[in-house]
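Using the sequences provided together with the hints, build the complete structure.
Line order of the protein sequences matches chains A and B.
Heads up: the first sequence runs through residues 1 to 531, numbered per our numbering.
Heads up: the second sequence runs through residues 1 to 313, numbered per our numbering.
Hints are computed from structural coordinates only; laboratory data are not their basis.
As the structure is a prediction and not an experimental result, all values here were calculated from the model.
Be aware that one or more of the hints could be misleading.
What the hints assert, rightly or not - A partial selection of chain B residues facing chain A, derived with a Cβ cut-off under 8 Å:
no., residue
1, 124
2, 127
3, 133
4, 148
5, 198
Claimed, not checked - Residues of chain B clear of chain A, computed beta-carbon distances all greater than 10 Å:
no., residue
6, 24
7, 29
8, 45
9, 51
10, 138
11, 259
12, 291
C-beta atoms are modelled at their ideal positions from N, C-alpha and C, and glycine is treated no differently.
Listed below, chain by chain, are the residues.
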Amino acid sequence: MLDIQYIIESLSEWWKQLSYTTWMYFALLLPVTMLIYQLFPRKNRRFVLLAAGWFFFFSLSGILLFANILSSVFVWITGQKLEEAGNDKSLGRKERQKKKKRVLLISVLVLILVLILFKYLDFIGLNLVRLTQLFGIPFHWKLLKLAVPVGISYYTLESISYLTEIYRGNTEAEKSLVNVCLFMSFFPKLVEGPVTRFDEGYALFSGEGIKEENVAYGYQRILWGLFKKLCIADHLSPAVSQIFEGEYMDGGVALFGAFLFTVQEYMDFSGSIDVAIGSAGIFGVSLPENFRQPFFAKNASDFWRRWHITLGRFFREYIFYPVALARPVTRFTKKVKDTLGKNVSKLVTPAIALFPVWLANGVWHGARWSYIFYGMYYFVIVYLETVLEEPVQKLLERIHLRERSVPVRVFRYLKLLIIVVIGEMFFRAETLSKGIDMFKLILTDLRFDMVVDHIQDIGIDRYGYIVIIAGILIVSFVEIMKEAGLPIRAGIESLPLPCRFVFWYACIFFVILFGAYGTGYDSVDLLYAQF
Amino acid sequence: MLSTLKHKKAICLILGFILLLFVTSYFVSPDEGEVYDIISTRRKIDDIHLERESSIDVIFAGDSLVFRDISPLKIWDLTGITSYDLSDGAMRLCDQCVLIKNFCRKQSPELLVLEADIMTKDASPFKDDFAIPTNMIERLFPIFHYHTFYKGLNLFGEYESASGTKGYQPEDTVEPYEGSPDYMTEEAEPVEIGELNLIYLDRIVSFCRKNDIDLLIMALPSPANYNKEVHNAVQKWADDNAISFADLNYECEDIGIDWNTDTKDGGDHLNINGAEKVSEYIAGYLKDNYDLTDHRDDPEYSDWKILRAAPSE
Numbered sequence: 001m002l003d004i005q006y007i008i009e010s011l012s013e014w015w016k017q018l019s020y021t022t023w024m025y026f027a028l029l030l031p032v033t034m035l036i037y038q039l040f041p042r043k044n045r046r047f048v049l050l051a052a053g054w055f056f057f058f059s060l061s062g063i064l065l066f067a068n069i070l071s072s073v074f075v076w077i078t079g080q081k082l083e084e085a086g087n088d089k090s091l092g093r094k095e096r097q098k099k100k101k102r103v104l105l106i107s108v109l110v111l112i113l114v115l116i117l118f119k120y121l122d123f124i125g126l127n128l129v130r131l132t133q134l135f136g137i138p139f140h141w142k143l144l145k146l147a148v149p150v151g152i153s154y155y156t157l158e159s160i161s162y163l164t165e166i167y168r169g170n171t172e173a174e175k176s177l178v179n180v181c182l183f184m185s186f187f188p189k190l191v192e193g194p195v196t197r198f199d200e201g202y203a204l205f206s207g208e209g210i211k212e213e214n215v216a217y218g219y220q221r222i223l224w225g226l227f228k229k230l231c232i233a234d235h236l237s238p239a240v241s242q243i244f245e246g247e248y249m250d251g252g253v254a255l256f257g258a259f260l261f262t263v264q265e266y267m268d269f270s271g272s273i274d275v276a277i278g279s280a281g282i283f284g285v286s287l288p289e290n291f292r293q294p295f296f297a298k299n300a301s302d303f304w305r306r307w308h309i310t311l312g313r314f315f316r317e318y319i320f321y322p323v324a325l326a327r328p329v330t331r332f333t334k335k336v337k338d339t340l341g342k343n344v345s346k347l348v349t350p351a352i353a354l355f356p357v358w359l360a361n362g363v364w365h366g367a368r369w370s371y372i373f374y375g376m377y378y379f380v381i382v383y384l385e386t387v388l389e390e391p392v393q394k395l396l397e398r399i400h401l402r403e404r405s406v407p408v409r410v411f412r413y414l415k416l417l418i419i420v421v422i423g424e425m426f427f428r429a430e431t432l433s434k435g436i437d438m439f440k441l442i443l444t445d446l447r448f449d450m451v452v453d454h455i456q457d458i459g460i461d462r463y464g465y466i467v468i469i470a471g472i473l474i475v476s477f478v479e480i481m482k483e484a485g486l487p488i489r490a491g492i493e494s495l496p497l498p499c500r501f502v503f504w505y506a507c508i509f510f511v512i513l514f515g516a517y518g519t520g521y522d523s524v525d526l527l528y529a530q531f
Numbered sequence: 001m002l003s004t005l006k007h008k009k010a011i012c013l014i015l016g017f018i019l020l021l022f023v024t025s026y027f028v029s030p031d032e033g034e035v036y037d038i039i040s041t042r043r044k045i046d047d048i049h050l051e052r053e054s055s056i057d058v059i060f061a062g063d064s065l066v067f068r069d070i071s072p073l074k075i076w077d078l079t080g081i082t083s084y085d086l087s088d089g090a091m092r093l094c095d096q097c098v099l100i101k102n103f104c105r106k107q108s109p110e111l112l113v114l115e116a117d118i119m120t121k122d123a124s125p126f127k128d129d130f131a132i133p134t135n136m137i138e139r140l141f142p143i144f145h146y147h148t149f150y151k152g153l154n155l156f157g158e159y160e161s162a163s164g165t166k167g168y169q170p171e172d173t174v175e176p177y178e179g180s181p182d183y184m185t186e187e188a189e190p191v192e193i194g195e196l197n198l199i200y201l202d203r204i205v206s207f208c209r210k211n212d213i214d215l216l217i218m219a220l221p222s223p224a225n226y227n228k229e230v231h232n233a234v235q236k237w238a239d240d241n242a243i244s245f246a247d248l249n250y251e252c253e254d255i256g257i258d259w260n261t262d263t264k265d266g267g268d269h270l271n272i273n274g275a276e277k278v279s280e281y282i283a284g285y286l287k288d289n290y291d292l293t294d295h296r297d298d299p300e301y302s303d304w305k306i307l308r309a310a311p312s313e
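Have a look at this one:
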């Protein structure tokens, strides 16, 4: 006899596991949404996507769905207010601008305060306690341990972007509340982004029918994402955890762990973005790319133009340029130029504009000093790269080395790899002091005997290593092709039909057979879902 | 026209995929039923088949307590009874059922000793019992459930057969148990044998009755896994099913267990010292309570004598 209560309890437990790489997503959410979406009349299809987004949100964050809905309503209202302020004929141009600025500042402040409330309040409280202790002032903080609504860091940035674009006159305020809610909770980008601009989400509202080529493209992209996540990232996960959470370590183990985590994070994050882009593509929505062969970058600045692109774009458009072009900054730079000379002034503006960008980058990742340090680490590196660019060029000319010569490229690549791997080590370390300890070990105790001796005891078996290495080689091959501008997908499509079938079956079965899921593997949460 | 052609291609692709799922599932599924850990089950099955046909009289089944605590060669030394440790780490009842059935294809044991620890632990062939839809998919296409089957093929020779010690895996590490020696009389949380466990236990009982195999439930000394409530739960099941139950946790003094020297991990498993003592006790128990043949003078069992002479333990 069917035990209905058991089935309901089981389903409610099961759907808490909803993630882009679970059966819940592939067997239920995505196909059912596709089916209902297609069955609905065109004008009502956005409601289907909205319901799917809210279902996804509710399954992960429960009642906190209301935080998302309230934020959406708030953004919708303030968007209208911004537009009204801009069209207020009773005011002069300057006053209109002032009013718009006021509305924007207040609304951005509210959104950031909500983000702080959920994500940073305990961190601020605890650090206030430490600070007041230094001065002997009695101050206590009771930990709130608030649950964080899924994707709040992403949709807060999207809201700020939407309102700022209205303020700048680049986009009109959306009249439909449903559309704003849908933009803020579109399920493929809900958990890990990419951080999307409102104009990139217009296709969401058109209700256009699902096309066969979109389904094929979408599932191919999803498969690629699953390959990266299940066959590489999740195989690496136990080893990374053991190394970073283990007691015994030398410099070699620390460096090896940092390298493994760098690979894991790239495969995990870019893989889940592939799933997001593929899923959105099925509904005709082109989400922006978040990764563009980051390990082909020529320096750290270039790396960040290829890694988490949409986050970098947000900081560039809404922090870097506004700060660099702000009147007080330009005035100050001019003053420095007049008094201390052109060369010194060249050092000033990047420092002033880059500092808040990287501070925000660190803080955005979470309430931990190690994240703030991570942001500052890149601030120093990117700043040094910016100010040293010219002297380095001159030095290269002097020693008769071309920028594209092999030694220079090899040196640059190794430099980038070290910068990224060390950065990721600080990022992954549980605390800043643990990260610093690991860094010290790399500098003072760099030997690899422990790595060689224990390579089989860190949670990856021989099969795991083979799959990881094969996976990395496949991803590298694809990235080389993409970097060279060779159309891989078109190449596959030009194959005869039986070869194409064999190719796709081989890809699917590679993931089925060698993916780290099911018995013997712990399911690994998406790494960037926590941010 | 073009659209219809595209549709046909898509349908062919999907049907082909489903067919491949069925075909691969057929080849990777164990014949005897669903298992949780395909890797250890496959490896154990390979090991079982190394045994000479109809040569084992007693099966010791269970989880890691069995292969750490019972030495079949010691029992042979003392009684001439042939036995085998049919167990693996954290083995579940579902896997055990499959192994017992497989074992009995070539062997005709007279007694099955089921270690009780396995009775109260998770028995499901699935990782998350509540994930009903996931489990349905895995049941429909077992390739998703058994996708790591290739690791059980021992392609790189990474699995060392325990056939030379008849499944026993001795360990000489010593980590004393520092808890109370009265662990079997202290208060503990009530324990219940799960519904799924009962189903698998029923299957084992039926299988034994059908194949004329005596069934004995035995609890090996382990403060980490046993207490009064576990004993009571197992005793109740044994009484309900009219099956003998020997709880060696109450016999530690008679056996001579010294918790300072005889355990490898603080009272979870026994080490080689403890295993020798327990095996000696079991040898006596089997001799006193069952009419099992002493094969020591039987020339057909010279392979056991050779094994005993080899320094494998």
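**Report entry** Broken hints, by number
**Finding:** Failing hints, ascending: 1, 5, 6, 10.
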